[in-house]
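J.: One-letter residues, chain by chain:
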Amino acid sequence: MEFRDYYEVMGVSRDATQDEIKKAYRRLARKYHPDVSKAADAEERFKEVGEAYAVLKDPEKRAAYDQLGKNWKSGEDFRPPPDWDAGFEFSEGSFGGDAGGFSDFFESLFGQGGFRAGGRPQGGFRVQGEDHHAKVLIDLEDAYRGASRSISLKAPELTPEGRVVTRERTLNVRIPKGVRQGQRIRLAGQGSPGIGGAPAGDLYLEIEFNPHTRYRVEGRDVFMRLPIAPWEAALGSSVTVKTPAGDVDMKVPAGTTRSRKLRLKGRGIPGKSPGDLYVELDITLPPADSEKAKKLYENMRDELAYDPRERMGA
Amino acid sequence: MNERLLSGIVLDDAVELTFDEFCLACSQSSTWVVELVEEGVLEPVDTEADHWRFTGTSLVRAQAARRLQRDLDVNLPGIALALDLLEEINELRERLGRLLPDDGRG
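Protein chains in written order, with my numbering: chain U, 1 to 314; chain Y, 315 to 420.
This list has only true hints and no planted wrong ones.
With beta-carbon atoms standing in for the labels, derived distance ranges:
#1 U:P274 <-> Y:L400: 25 to 31 Å
#2 Y:G392 <-> U:A188: 29 to 35 Å
#3 Y:L395 <-> U:G197: 37 to 43 Å
#4 Y:L319 <-> U:E168: 18 to 24 Å
#5 U:G246 <-> Y:A363: 40 to 46 Å
#6 Y:R384 <-> U:R311: 54 to 60 Å
#7 Y:L319 <-> U:G246: 21 to 27 Å
To be clear about the criterion: a stretch of chain Y counts as covered by chain U if any three or more of its residues have a C-beta under 8 Å from a C-beta of chain U, and this derived list gives those stretches:
#8 325-337
#9 368-382
#10 387-401
#11 405-413
EDC-like cross-link-like pairs, simulated, lysine to aspartate or glutamate; straight-line CA separation at most 16 Å:
#12 U:K272 <-> Y:D326
#13 U:K57 <-> Y:D387
#14 U:K38 <-> U:E206
In short, the hints are calculated from the structure, not lab data.
Quick reminder that beta carbons are idealized off the backbone N, C-alpha and C, glycines included.
Build the full structure now, drawing on both the sequences and the hints.
T.: Next up, the structure:
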């Protein structure tokens with residue numbers, strides 16, 4: 001297991017005051033809070049900072065951590081020395097909220113989620129199970145058709161003997177047709193089980209679309225570029241468009257002289273009021289890479305009275 | 315391994331929860347929810363109704379409010395401000411994505 005330098009994580013010196021540590025935590029927590037930051041590693045960093053703070057804010061834990069010595073480096077292979085914590089008392093239950101997800105390093109030192117042996121439930125002890133949150137990556141096509149996903153969850157569970165163990169379970173979840181980026185699906189009662197007959201927590205899945213090379217999504221609407229030839233634009237044509245729902249024939253109106261957007265009503269993400277599919281026509285020019293092609297361009301130059309810079313008054 | 319296919323509820327404006335269901339889903343007291351309504355963080359579907367109901371979108375917002383309160387120790391006016399600003403940032407990100415389709419996703 002890797003040693004974690006909690007001072008490094010928090011960006012404070014080893015002799016930082018409790019006040020400085022609190023300030024550093026607040027700053028980093030605001031920066032990496034998953035509800036605030038969209039950075040890919042925000043959640044991971046937020047957890048790291050939360051773990052470091054859980055140790056450094058508690059004078060007992062900090063003192064125990066400090067006496068491991070200053071010579072450990074972040075990432076170094078680590079085993080806690082025997083009786084390393086002799087003489088220290090850790091207060092129990094100091095972890096609010098989502099205590100799960102602390103590192104093996106933390107758990108080897110301070111126990112799981114801060115519960116140390118002896119945290120045995122008393123009679124009449126009832127605690128609602130924790131909610132779980134997970135991200136689910138789907139393709140845009142899944143939102144058009146619906147899909148299913150297997151989700152693995154690790155959850156702390158209390159055994160009848162009062163010990164906390166981590167159990168992994170796998171759930172098969174239906175992703176309904178019509179879901180959108182950022183939406184959450186609630187599965188009531190699928191979070192951690194409750195303790196002492198209390199209700200289980202809920203499972204929340206946040207939908208995230210895999211980036212797509214061809215489509216861009218905005219709410220229910222889907223955007224795509226469609227390259228067309230100059231003659232298809234000028235003379236009008238019927239082109240086949242590959243949409244997430246399959247091929248669709250679309251008319252390009254004659255006299256299209258510049259890139260423009262055509263709307264295919266109701267071809268966006270399905271739903272009670274389905275989104276639209278916007279096709280951005282992108283007129284592309286064939287290269288003048290042969291004698292024949294050059295000739296055609298020369299003919300156009302000579303025969304067409306066309307000045308693209310007319311309006312610029314040049 | 316659980317082979318059963320589970321179906322959840324998409325939390326959007328089409329979904330409505332009763333006041334009690336809403337408090338339970340937030341794991342919070344009714345007082346907390348009332349405070350959020352008074353601060354303007356949440357709005358019931360029909361403010362005049364005898365029994366408040368909330369949309370699924372409101373549940374997502376309330377849970378974000380709870381996380382911000384718990385993790386950052388922000389008070390309610392601060393949460394209201396943060397959530398409004400975050401919503402605005404998300405809208406701006408979407409608009410940026412429209413203008414710079416190739417790199418405006420972030």
